[in-house]
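Residue numbers (the numbering used here), protein chains in the order written: chain A, 1 to 162; chain B, 1 to 90; chain C, 1 to 116.
You may find that some hints are simply not true.
[Stated by the list, open to error] The list that follows gives simulated cross-link-like pairs (lysine to any residue, SDA-like), each with its CA atoms no further than 25 Å apart: (1) A:K59 to A:R9; (2) A:K143 to C:A85; (3) A:K143 to C:G54; (4) A:K65 to A:I113.
[As the list claims (entries may be wrong)] Residues from chain B shown here face chain C by an in silico Cβ test under 8 Å; the list is partial: (5) I12; (6) A14; (7) A34; (8) M35; (9) Y38; (10) L44; (11) E46; (12) V53; (13) A75.
Hints are computed from structural coordinates only; laboratory data are not their basis. C-beta atoms are modelled at their ideal positions from N, C-alpha and C, and glycine is treated no differently.
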Amino acid sequence: MKPLSVVVRTGCDMFAWFLVVFGAYVIIHGDVTPGGGFQGGAIVATFVALLLVAHGGEKVLGWIKLDIYNGFLTTGLLLFLLLAFSGMGNAFLYNFLAVPEAVAQAGGAHGIIPPSGTIALMDIAVGLEVAGGLTLIIMYMFKGSIMTNISEIGGETGHDNW
Amino acid sequence: MKKTIFIMAALIIAGLMFGALDTIHPFGQPGDFAMDDYYIHHALEERSSENIVTSIVFDYRGFDTIGEAAVLFTAVCSILALFREGARKQ
Amino acid sequence: MIIGNLPFLTVGILFLIGLLAILREKNMIKIAIGITIIESAVNMFLIVLGYRLGGDIPVHFLKGEVDAMVLPTPQALTLTAIVIALATSALMLSVIMLLFKHYGTLNVDEIRRLRG
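For reference, chain A alone in the conformation it holds in the complex:
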């Protein structure tokens, strides 16, 4: 894919990193506002999609190392299973970190873990997994589409001649 014109590239450079910050906000505030793990992970995955459309395929393949997203995917799934097996004293998937609201209002909550317990931690794990998984899908399908490139009869429009 060829890079698009200079207007599109400037707009992409301005907004690309804000997508990551907004996606992290939606993931972390999963138990207060609407959203959660899956929605925030999909927002973080549009970062690579925007770069791929604006800057062209060859440059982006040089910038991105795919091992980081592989690490996200496996870390997310393993953390989720670890949290599921940790409450095995009572039951599978037992919420062993939750504090009821009456106790939390009187000041009995933990320091850094929110009073909803494993709900907030599972949000972060699933958000990591979905972000890594969707990015890997996009990059590997793009690499596969280079294989089936027939010659451009009409050519693509919208590029500059740079």
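Mind docking chains B and C on chain A? Use the hints.
The following block gives chains B and C in isolation, referenced to the frame of chain A:
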């Protein structure tokens, strides 16, 4: 000939489906909601989380979420396996 | 009649459009589009089932002064269904790409005639 059979079959299927959609319940008045009323009234006291949908997805019904994470992982693994560049035999 | 329940009528019409696209089209990508239309219609049907008149959003932080909320369980089931629809459509498109690379055409009748 084939076209008339197809149109008649499509009309019969459409009629049956719209008839079934009509007899579920009127829009806005669900039938029985005892389980959802328990979730609405007790999610804030027990779990101290203000988002009821997230507490259902991850705590009250967390087993389905494990299956869904596994489905996503399997899809990513199979796409990686389809687009691999293997060694070509000479 | 069903004209009174307008959301259920919309779900039925979307489902029929997707079904017609699967049965009558010859291009492989159009068939894949029809499958995703059917999956979207089913997700919408799940959400429409759980509405209560006079209800509000099931989040304690954002609701107004009303006392009733809509049912939250179908919304939780729809989240899972959306992710599964994404996984199946990604795999479908990858298989279509490999078929095009092997046969050179996207027409279903041509592929049936060639047979590898």
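Subject >> Violations among the numbered hints >> reply: Of the numbered hints given earlier, those the structure breaks are 3, 4, 5, 7, 9 and 11, listed in rising order.
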